[in-house]
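Asks: Produce the complete structure using the sequences and hints provided.
Here's the letter readout for the chains.
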Amino acid sequence: MKSVRVSFWISAVGCFALLGCARPSGVGVAGRYIDGKAELIKNGAGDTTKAVNLLESVAKDDPFYKDSLTLLVWAYYRSGRYRDALQMAQRSLAVNAKDEIAWIAFGLTQLRLGDDDAGLESLKGGITLLSKASKPGYRGIDFWDRQGSVRRALSRTAFFVMKGVGEKDTIIRSAEHLLSTIDQEEWTGRIEQEEERRF
Amino acid sequence: MTAKQKHWRAWRAVTSLGGILLLCLTVDPAWAGEIENQIQALEAQQRANAEELERLKGQQIEMKKEATAAAAQLPSFDYRPGGGLFIEAADKSWGLRFRGRFHYRLLFWPDDQAQAPDFTQADIALRRIRPRFNYYWENRFYELDIEFDFEPDRGIQIQHGEFHVHFDRLSPFLPSLTIGPRVSSFFNRHDTNWSSSTGGLFDRSMFQDGAGVGAGTMNNAIGAFWTDVPVGPGALLFQGIYSNQGLTNIADQPRPDTDKRAAHAAFNWQPFVRMKNKWLEGIDVGVGYQLDRIHPGETGRNFFRVRTTERVRLNLINVARDLDPTSERHYITPGFGWKIGPYWLRTAFGYNKGKFETGGDVTGWMWRISNELFVWSPKGLFTGSVNTPGSVMLFTGFERDNYHADNNGLLGCGSAGGNCENAFASNASVGIWYFIRPRLSVGFENGFYHVNKISSTGANQLKGVNPGDRVTFDSLEFGIRYDF
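Same order as they appear, the protein sequences are chains A and B.
Going by our numbering, the first sequence opens with residue 1, and the numbers climb by one from there.
Going by our numbering, the second sequence opens with residue 1001, and the numbers climb by one from there.
Hints are computed from structural coordinates only; laboratory data are not their basis.
One thing to keep in mind: the hints can contain errors.
[To be verified] Calculated lysine-lysine pairs in the DSS-like style (CA-CA distance at most 27 Å, straight line):
hint, chain 1, residue 1, chain 2, residue 2
1, A, Lys168, A, Lys124
2, A, Lys98, B, Lys1276
3, B, Lys1278, A, Lys132
4, A, Lys163, A, Lys135
5, A, Lys168, B, Lys1065
Replies: As structure tokens, this is what we get:
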């Protein structure tokens, strides 16, 4: 009886302590990757400095872990560190030359640094790769892009890229919106997929 | 003209010219000065305008930044057809998801064999109305998942009630922990028909339904779930659940008053899902196991039976005896699936064993196979999905259930109204779904039933049928189903 009472109070205190706590930090390389990515998904409300620090540590410990290098490019870009983003993008593409997100982030960085022609070419390549990759199963989501938001953002970006460097500002905004839309679609698609498995 | 006149004319011309010149020289400086002043004034105004323009541009940029920052703080509203409504804080500190399910059926018995009052033709029957909401916070580290089931008698039950702590948000190798009055449990992807809004067959297997497993068996339970754990080129899903009371009526949950526990474990493995090989990535295999102790207040025979799958529930095979308080039940179901393009092959097997202290054991087993094929969509032949409006899906299914009960333990299936020891039933079905919009579909299913020795309960529901008879009949069912 006494042991039951003790275990009850331990459980109760543990539950309240857990509920009162903010979410703990991720564990290991995988956990830091998840935390870094979480900051980038937060639609401009995330801490990009924290994302950079976390992803730099992931890249240092395991540069081949998932798409950590590409995420780091995006984190540098969002922090305004375009030179670092350029360098990291070149590393990321050396690891995987068909990384569509890396090509788009590379193109954006080049545009920001004034290398307009090269930036447009990089964007065109990334858009072409993404249009082939963005289909059911992309990023492990069975029903990817259920409402077509990625497809619309991709079409819009491609349209302005084809118009040329005269639409530079619009191209930059569209491509940034495209990458944000992909992140948001992955976040929402994963929630849907997991919850649909609950019978 | 004389010389004097010529001289006078010349002098006048020179004088005129000189006067004009003198006039220009005296007038020009004054006029030039005015012009100069005007130019200077214009230049000053231009400089002022430029400065004003620069100031306004700066203000505009500041306002844009403030608007962007403000917009970044606003919650987002996102409606996803078939996925419900998402409302989320920009920083993902909280989120809400509202969705639901709506299924209705129209039933016919083409052979007109039914004689029981609830077997009329053209019955419009509710299958499910289930609103559901998820509330999550701290970047979805905590989650509450509640689903209500609106019953035909206007009652409301909890279909799902779970609180999750997603430790998998800290590492993919950690589980999420779950506790609740009704915790989700799966067995394999192909026995439960997974999501009945995405599968072809109208309902889950006769065997699983007759065993009373699936939603509602893990009452007052706690569990751990591993989802999408990377294993080589594949991914693994695993769950383990412990239930306070196993198979019992949900009305008894506040005070279970029983030591009859239940345990559940299941995994599903997609060995090649990350391989980007269309022939291999759609393979999955899984198995689920559940151990139940039968609650003394339950009618134990209700967990060892075979009924038709539509909600009218014609009884085909029943167990003759109730379970004693020491009874336990073992339920195992492996499954295998292969999905490629528009085609999905789904197979499942089942084993349901009741170990009774008296009267001997009851054992049932089944196998089931279904084919689902999207034959057409606006994208062309052999294309389509449950999310593509205009898609057409054809499906077929076959299931065979066998039951054995020692000491003539099956009810009323013997000759002359007695019991028997063995019986089997099967169901072959074929049908079609048309997807009007994502996850909204209409269709029909034609089911062909066969039972070699019908139970006395079932015989009483049919015309001119005696217990133990070999019976075949078919059903025709129209359905509308919507995930909103």
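Asks: Honestly, which of those hints from before does the structure not fit?
Replies: none
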